[in-house]
Amino acid sequence: MAIRILINLARFAVTYVVATVVVFLFMRLIPGDPAQIALGVNATPELLEQTRREFGTDRPLVVQYFEWFGGLLRGDFGTSYLTRTDISPMVLDRVQVSLILVLTAMAVALLVAIPLGTWAAVKHRSFSGVAIGLGSQIGVAIPGFLAGILLVMIFAVGLGWLPANGWTAPAEDFGDFLRRLILPVVALASVQGAILTRYVRSAVLEVMSEDYLRTARAKGLSANGALLKHGLRNAAIPVITVTGVQIAALIIGAVVIERVFVIPGLGSMLLDAVGNRDMLTVQSVVMVLVAITLILNLVVDILYTIIDPRLRRSA
Amino acid sequence: MMRRKNSLFAAAALATAALLGLAGCSAGAGSSSGSGGETPTTATIALTGTPTNLDFTTTAGSAIPQALMSNVYEGLVELDDSGEIVPLLAQEWSVSDDRKTYTFTLQEGVTFSNGAPFTAEDVKFSFDRVKTDWVSSLKTKMDVVENVEVLSDTEVAVHLSTPSNAWLFSLATPVGAIFTPEGVDDLANAPVGTGPYEVASWTPNESIVFETRDDYWGEAPGVEEVTLKYFADATATTNALQTGDVDAIANLQAPELLSSFEADDQFVVTSGTSSGEVSLSMNNRAAPFDDVRVRQAVLYALDEQAILDTAWNGYGSLVATYATPTDPYYEDLTDVYPHDPEKAKELLAEAGQENLSITFTVPTRPYAQAVSEIVVSQLKDVGITATIESAEFPAVWLDEVFTKHDYQMTTVLAVEARDILTVFNDPDYYIGYDNSKIAPIAAEADQADEAGYVEGMQQVARQIVDDAASGVLFLFPNITVAKAGLQGLPENAIVEALNLTDLSWQ
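Taken in sequence, the protein lines are chains A and B. Following numbering that gives the first Met the number 0, the numbering of the first sequence begins with 0 at its first residue and continues without gaps. Following numbering that gives the first Met the number 0, the numbering of the second sequence begins with 0 at its first residue and continues without gaps.
Among the hints, erroneous ones may be present.
[As the list claims (entries may be wrong)] FRET-style restraints, in silico, Cβ to Cβ:
no., chain 1, residue 1, chain 2, residue 2, range
1, B, Asn-188, A, Asp-75, 16 to 26 Å
2, B, Ser-435, A, Ser-87, 45 to 55 Å
3, B, Glu-388, A, Glu-53, 31 to 41 Å
4, B, Gly-48, A, Tyr-15, 27 to 37 Å
5, B, Gln-368, A, Pro-30, 15 to 25 Å
6, B, Glu-120, A, Pro-44, 30 to 40 Å
7, B, Gln-368, A, Val-61, 21 to 31 Å
8, A, Glu-53, B, Gly-114, 27 to 37 Å
9, A, Pro-44, B, Gly-108, 21 to 31 Å
10, B, Gly-48, A, Leu-145, 17 to 27 Å
Hint data in this document are derived by calculation from the structure and do not stem from the laboratory. Keep in mind the model is a prediction, meaning the values are calculated, not measured. All C-beta atoms in this analysis are idealised placements derived from N, C-alpha and C, irrespective of residue type, glycine included.
So that you can see chain A by itself, here it is in the shape it has in the complex (with noise of 0.2 Å):
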């Protein structure tokens, strides 16, 4: 099992380094120069040579490249060539406001989908198994920013339950924080919700299929006893995969219900710096993605291990 985890923790280290290698190109590939964006039309020639100069853009992309990435390791994502402020407070503020948008609507994505995931696999022949299928199906085709501009016309404009949009830290005023939350985490959570519902669904049905299953019951467990026992230990782990992907999927995802919501999440930071080309605030928010993601395959990839003792025993 160690071993396993050190291959993975050195699969994590190439696969970053070379994320930023691609990530670094990739912004200089997109047409746009910073300097002639700080400056907009009253840019003059002399003007920006004396700007590039200033944000370092004139220098050889090796030396570029090597400063960002020098920086990166220790945990210094440098200054923001257009707000002129160190980048990593700032994209530390708004990884936390992600994180807790995209957990808390995952966690409530889950609370709901197990359950009836479940109970329409287990009465997949019944009236209630088809209809949660069939609702979860309509669900997936909901774009979740439709979702979000019909949860502001219904619950803030029309009915002026919950705020349109806008955040509160939970340290400054917890209830406004949860106010705010209402809305663009039933957003967020109503699609992965339905995403997930048949994900379980379909893992349980697999699992009951089994033969081990027919096996237990033979044993003289009830059909419930028999999958709560053994089926569902097997369904969790491509459930388990899926939400790992589903988080850090819900991380880039979720920048269109930040912008309906004119909430100061990660999303919205990248979406304002690629407009701006503000290369090294794009650079560090992606690697920062990438970080996340990579970390959610590792979590993943342990959990594995640990729910199925033959993987333990195979590596």
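Got chain A sorted already, so can you dock chain B onto it with the hints?
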């Protein structure tokens, strides 16, 4: 065993109930200032287009001066809501007979927000600094200043190399902002000015909080704290106003969202004028628009009123070029090119361009997207096939259109006040207009007395329109929506500053 399964269901049910319960509890709440019994002391204004930092001496974009000029920074003079130059930090000024020396008498008892007193030395420091430290071609507006002479603490003389009408006007724009030597260390984050507000906090891309100063020299604003809240799109601003998160929207960018506010007497909608021209720029240096007949044909082909009605719900007004009704030299030239498709076709035939295909580069901005389709369809009626090519704004548009001049036709909102010479009196500007005819007239007008200035600039404007140098689709309106009790938001947006010094609750 069943117990475990039930507890899962129970947890889910509980979570759902908790969410719904929270929603229920807070019903009816969720309103900030403006709805209570007592007069509020704060105001929150929604804006679209966030400043990237707070330093307009090195960073472009109208968002920074919009927030800071008049509120945090003041100049010797400012523009009132009708476009008139009026005193601010200067009590009065006199001009020498040769029109080259301006002597300003300064307000007394003025301090900066860091406590430093304001004297003539600060004027000298600020004007000199434009030439040495500013990284923006706006700095050229100070080129005409030969030297700044401190006569006493409250008197300063500015010597110009040649007389200049444009220079005094420039003093009302960001280049005229007065700084103190002790307050320029971190302009991007901590601005220090003589205005009635100081920046209490700034969160990039989110908000700026202003607090009024106790030691402000002039009349204090009627609120204690103003928050500028930045939104990515117009719908989010109207939602925020409707749910009470903000008290007003300054310069709403989506007139189609106005209907629900106009019918509701809790809100007041005003539509003033601005200095922002939604241009239809044609590349004068490249085919086919290097032929004046083709440019004129386009202007005959367009029905600007229809464009304004369709794209911007009729809000805004029509002008012929970059001279606007609040400029002293404005004259209505909109009838030079009436909507006349037949005339357009004739001109195209004359130019040998009956079946013209062009590319229309449209920046990714709401106004640009809104006008593009109808412009294309009107051009089609006279035989011009325009293909829309979307250009990400600002990055790609600045790079391709503005810097490399690699375009045929484009549209962009030009917000700067009195920008007609910036745009047309420079053959290297992206429009590429041959300015040989207007340059001498413009130079003479700048040095003339007031009447001569107006007369000369009118001549310039007429020449530009005759040459069909470029079109203006419409003049952007300044649409403001505010809660009924909030007073003092400026109706017009003539300079970039969003002047919040008269804000109060009734």
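Each hint, compared with the structure:
| no. | hint | result |
| --- | --- | --- |
| 1 | Asn-188/B x Asp-75/A: 16 to 26 Å | holds, 18 Å |
| 2 | Ser-435/B x Ser-87/A: 45 to 55 Å | holds, 53 Å |
| 3 | Glu-388/B x Glu-53/A: 31 to 41 Å | holds, 32 Å |
| 4 | Gly-48/B x Tyr-15/A: 27 to 37 Å | holds, 36 Å |
| 5 | Gln-368/B x Pro-30/A: 15 to 25 Å | holds, 20 Å |
| 6 | Glu-120/B x Pro-44/A: 30 to 40 Å | holds, 34 Å |
| 7 | Gln-368/B x Val-61/A: 21 to 31 Å | violated, 40 Å |
| 8 | Glu-53/A x Gly-114/B: 27 to 37 Å | holds, 30 Å |
| 9 | Pro-44/A x Gly-108/B: 21 to 31 Å | violated, 45 Å |
| 10 | Gly-48/B x Leu-145/A: 17 to 27 Å | holds, 26 Å |
The structure fails hints 7, 9 (numbered hints given earlier, in ascending order).
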